[in-house]
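**Student:** Assemble the complex: chain A is given as a structure, and chain B with the ligand must be docked to it using the hints.
Listed in order, the protein sequences are those of chains A and B.
So for the first sequence, the numbering used here puts the first residue at 1; every next one is plus one.
So for the second sequence, the numbering used here puts the first residue at 1001; every next one is plus one.
If you are wondering where the hints come from, they were derived from the structure by calculation, not from laboratory data.
No residue lacks a Cβ here, since even glycine has one placed at the ideal position from N, Cα and C.
Careful: at least some of the hints might be erroneous.
Computed cross-link-like contacts, DSS-like style, restricted to lysine-lysine with a CA-CA straight-line distance of at most 27 Å [stated by the list, open to error]: (1) A:K370 / A:K393; (2) A:K393 / A:K472; (3) B:K1263 / B:K1327; (4) A:K393 / A:K469; (5) B:K1165 / B:K1079; (6) B:K1163 / B:K1079; (7) A:K370 / A:K466; (8) A:K566 / B:K1237; (9) B:K1079 / A:K223; (10) A:K342 / A:K368; (11) B:K1164 / A:K566; (12) A:K411 / A:K472; (13) A:K566 / B:K1165; (14) B:K1079 / A:K230; (15) A:K393 / A:K405; (16) B:K1263 / A:K213; (17) B:K1263 / A:K566; (18) A:K230 / A:K368; (19) B:K1079 / A:K566; (20) A:K466 / A:K401; (21) A:K230 / B:K1263; (22) A:K259 / A:K120; (23) A:K502 / A:K487; (24) A:K401 / A:K472.
So the derived label-pair ranges between C-beta atoms look like this [as the list claims (entries may be wrong)]: (25) B:L1340 / A:I161: 28 to 38 Å; (26) A:R122 / B:L1340: 23 to 33 Å; (27) B:V1330 / A:S150: 44 to 54 Å; (28) A:D291 / B:L1340: 26 to 36 Å; (29) A:N425 / B:V1330: 51 to 61 Å; (30) A:S286 / B:K1327: 33 to 43 Å; (31) B:A1246 / A:D142: 50 to 60 Å; (32) B:K1327 / A:G173: 31 to 41 Å; (33) B:V1183 / A:A432: 32 to 42 Å; (34) B:V1330 / A:R122: 37 to 47 Å; (35) A:T168 / B:T1185: 38 to 48 Å; (36) B:K1327 / A:D289: 48 to 58 Å.
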Amino acid sequence: MSTTETSGTTGTGETRAGTAQAEAGNEAETEAGAAQTGSGTEAASAQADTGAASAETGSSLSTAPQEELTGGPVLGVIGWARWFWRQLTSMRVALILLLMLALAAVPGSLIPQNSVDDLKVRAWQEKNESWTPLFEKLQLFDVYSSVWFSAIYILLFVSLIGCIVPRTWQFVGQLRSRPPAAPGRLGRMPAYTTWRTEAAPEEVREAALALLKRRRFRAHTVKDAVSAEKGYLREVGNLIFHVALIVMLVAFAVGQLFKSEGGKLIVEGDGFSNTLTHYDDFRSGSLYDTDDLVPFTFMLDEFTGTYETNGPQRGTPRTFEAAVTWSQPGGKDQKSVIEVNKPLVVDGTKVYLLAHGYAPVVTVRDGKGKVVFSGAVPLLPIDANITSQGSIKVMDGYRDKNGKKTQLGFKAFFVPTFAGHGNGNMFSTFPAPDFPVLALTGYTGSLGVDSGLPQNVYQLDTTEMKQFKDEKGDPLAERLLQGETMKLPDGAGSITFEKEIKEWASFQISQSPGNGWALAGAVAAVAGLVGSLFIQRRRVWVRAVRGDDGVTVVEMAGLGRSESPKLPEELADLALTLHERTPTAPEPPAISEPPAASGPPNDSDDRSDPVEVSAEGAEK
Amino acid sequence: MTLAAATNENLAEISNILIYSAMAVYTLAFLAHIAEWVLGSRSKVGRTAAALTGTAPAAAVTVQVRGKQGGTAVLEKPKVVTRSAPGTRDVPDGPGAAGGTVQGDLYGRIAISLTVLAFAVHAGGVLTRALSVQRAPWGNMYEFSITFSSVLVGAYLVLLAAKKKVRWLGLPLVGTVLADLGVATTWLYTASDQLVPALDSYWLWIHVSTAIFCGAVFYLGAVGTLLYLFRDSYESKLARGDQPGAFATSVLDRLPSAASLDKFAYRVNAAIFPLWTFTIIAGAIWAGDAWGRYWGWDPKEVWSFITWAAYACYLHARATAGWKGRKAAVLALIAFACWLFNYYGVNIFVDGLHSYA
Ligand code: HEM
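Bound conformation, chain A alone (with noise of 0.2 Å):
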């Protein structure tokens, strides 16, 4: 006994069952004729343990790992394997895990990551080059996809399914097993209590069982005493819990490596097609194979936005729609519009609107009139109120009055609303085109497309090209208005901003196989933390045996899985409904005091305990 007491002297409040259980285990072993319960063997290694250890054995109730603390190194290559397998499935390593697996996360937020946005890296690694070579060697850049980062979460995994995999087949155990006979002493159990009465033992426990089962606990008869537990879906949800976070990485996982994503910048009245040669640019994981693409085209036919017209959030944008046609191989066209928190769906691939910006139609003729050029440039926005700049880039058929074949750029800045002429400088006041201008800058030579290097469409390379003039010999450039004409000096033509403007949307087309997965797996998660959280495994004892004067002593006491604040409540109810199939006796002699009114019993005065020594004379 003195093991037990003082071995309590670690736990706090949460022990309380535990040790519990503990001491009623080491009574069933001391005891004589005590039944062999299922604490009775608990309790047996929580007795050889040291201190610490035995606090762990409430856990006992559930199937949770016993933590090996002594657990130290055995002889022999498989004797260490074992040793690192015990270790990395034991609860205070996982724990060690999830803290490092927290504290690595942190890096990747304060530093910028490839993954995220690699502008801003190339930023950082600009300014702070000294460095940059041991932040990329130590893989700060892209921590989530680092071997260390990798590493801390593959361990914990394969410890959570080594840690899953024993407890589950522990659980089926207890499920085809029965609850565990009543310990010795129930007065030792964290919620107890007793009264006489004239009902016949028998009688007794049939009504508890009765009871317990109606209550919905698993409940059976062993000898004098009714064994009952409930709460088996804490266990469950724990379990499916534990499950559900691999299948959350396992569908992560999935997504990472066979992901697609490209966007795509369309203007109003043109097309997509989902081919790799669409898309402007393209980003796959790493077992991606592009025949996966799901063959669909769309077209985008009107794009709206809206903003706020007053107020201190003027040019707050409202509302951004691309109304789209779609359509699969050999399928109907469809209409859908694509907002920015809805994209569209075809067959698991996502459309998503990303970005929009103006494309003001203009028309580029050359010094006889006739038409070289005509139709929308898409410019990039630079700022909220959509300033937006560009390139036009007439690459072939263009001839000078010479009749020399050359081409012809355009640097162009565009603002859908002017701020007015004299104190117009071109910042746009306002996202919508209430009143458009552009103003170009022309030049002339080559184009530099043909010397092989990819080439932005947005930027003019004009290290091959000269400039226009004016008479004055000062650089050409024009701010045009819908409709106007800026004339390119000598003849060389001439470039007009049509009535029309054009809008562009540009589009995130993705496939990340795994989502649903992922889905079901989060879902899981919360239901079996939710099971695992707020039900109490517990189990209850109702113990009737006859007294030497002849009145039957009933004994009921609980034990919960954890701290559980419902448990002497439930004890209390049960009680009391069973009490009213069972009432007190009338006041017998004084010597048959129930021991639990003058507090709990201890070790001094047990052996003069009535209850016990009934108990132990109804063995026979």
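**Tutor:** Frame of chain A, contents of chain B with the ligand only:
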């Protein structure tokens, strides 16, 4: 259109006035709580010391079970005896801030009444703000802050109404709310505005409302944990036979016992953890709709994950021998610090898609 805008600006104005009024009433409540603690300090203290050093066996808590009918034939009804494990300090809870003094108790009650009043005004401020912007009131950090503190007070008042013994929370809670509103009105204030389209989704509504609620409850857990740490070292000092300082004795002796505080903190944190898990999932669904990926290691996402992992650590620690008690409590505080950093730090120090404020 202009008429509507004018009404909105009026409403926003009313909202501001209400928030400032709530702050004034909270200040009064704060002072009343101070009075409660000061008056309570005159009471006789040292119960804990007596309980710990006294030779009397720690009293078992006896739950008197009340019968449904008071029949005369029933001579005695069963009593349920609950036992603590040996080794746990069987210390009764302290008497509360008022220390059992009538005057202190009166001030305590006044403080709570004032808190209720301030909460009504505060909630009105949040509501008018929501009406003025015609959407949920958490589009920027100012709105987030005023909503957060109102939910905080709401959660506390609900616990009080449910007859939970949480009056010890009063002073730190009102103090925090004042600080939060002060920061919100001086540094975070943003004139009424609308959401950009990416923030305009019902998943946002679910995600942010549960995030705010989780934060409020995590805060209650964190206060419980912090006080547990103080109270626990006070109790162990007494148990060792040392004499803690007079101030510590006066204040800590009136708090609930370490075991009660620990239990409170655990229950609160464990109960809200599934909702926090759901919050992150709702956020992921929203991100999936808005940005085309449900998880992209954006700073806000990273810190939600860190917070989540930290609370999971805490729950594991509670079930692991050797990590219970103080170590687990420290984990819980770290976890709450992560939540706070996610809320303020990420918006201010880190920029990402989420930093819309
Ligand atoms: C990805 C890592 C993990 C996470 C996020 C996680 C999360 C959680 C959470 C939130 C709980 C609380 C539920 C409760 O208290 O009933 C829990 C319980 C538990 N976990 Fe984990 N866990 C992880 C890995 C592991 C591993 C590797 C083990 C095995 C060593 C393990 C064993 C347990 C056990 C036994 C419980 C029940 C504790 C109890 O009965 O109170 N977990 N886990």
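**Student:** Between B:K1079 and A:K566, does the CA-CA distance stay at or below 27 Å?
**Tutor:** holds, 15 Å
**Student:** Please work out if B:K1263 and A:K566 have their alpha carbons no farther apart than 27 Å.
**Tutor:** Distance of about 13 Å is within 27 Å: holds.
**Student:** Are B:V1330 and A:S150 spaced within 44 to 54 Å by their CB atoms?
**Tutor:** violated, 28 Å
**Student:** Between the alpha carbons of A:K259 and A:K120, is the straight-line distance 27 Å or under?
**Tutor:** holds, 23 Å
**Student:** Taken at face value, is the distance from the CA of A:K368 to the CA of A:K230 at most 27 Å?
**Tutor:** violated, 94 Å
**Student:** Is the distance from the Cβ of A:D291 to the Cβ of B:L1340 consistent with 26 to 36 Å?
**Tutor:** Since the Cβ atoms of A:D291 and B:L1340 sit about 48 Å apart, the hinted range of 26 to 36 Å is violated.
**Student:** Need the status of pair A:K401, A:K472: alpha-carbon distance at most 27 Å?
**Tutor:** holds, 21 Å
**Student:** Within 27 Å, alpha carbon to alpha carbon, are B:K1165 and B:K1079?
**Tutor:** Holds, because 23 Å separates the two Cα atoms, which is no more than 27 Å.
**Student:** Is it true that B:A1246 and A:D142 lie within 50 to 60 Å of each other by Cβ?
**Tutor:** holds, 56 Å
**Student:** Is 48 to 58 Å right for how far apart the beta carbons of B:K1327 and A:D289 are?
**Tutor:** Between B:K1327 and A:D289, where Cβ atoms are some 49 Å apart, the hint holds.
**Student:** Below or equal to 27 Å on CA atoms is what counts here, so check B:K1263 against B:K1327.
**Tutor:** Roughly 15 Å separates the two Cα atoms, so the pair holds.
**Student:** Is the gap between the beta carbons of A:T168 and B:T1185 within 38 to 48 Å?
**Tutor:** violated, 54 Å
Violation of the numbered hints given earlier is confined to hints 8, 10, 16, 18, 27, 28, 35; the remaining hints are satisfied by the structure.
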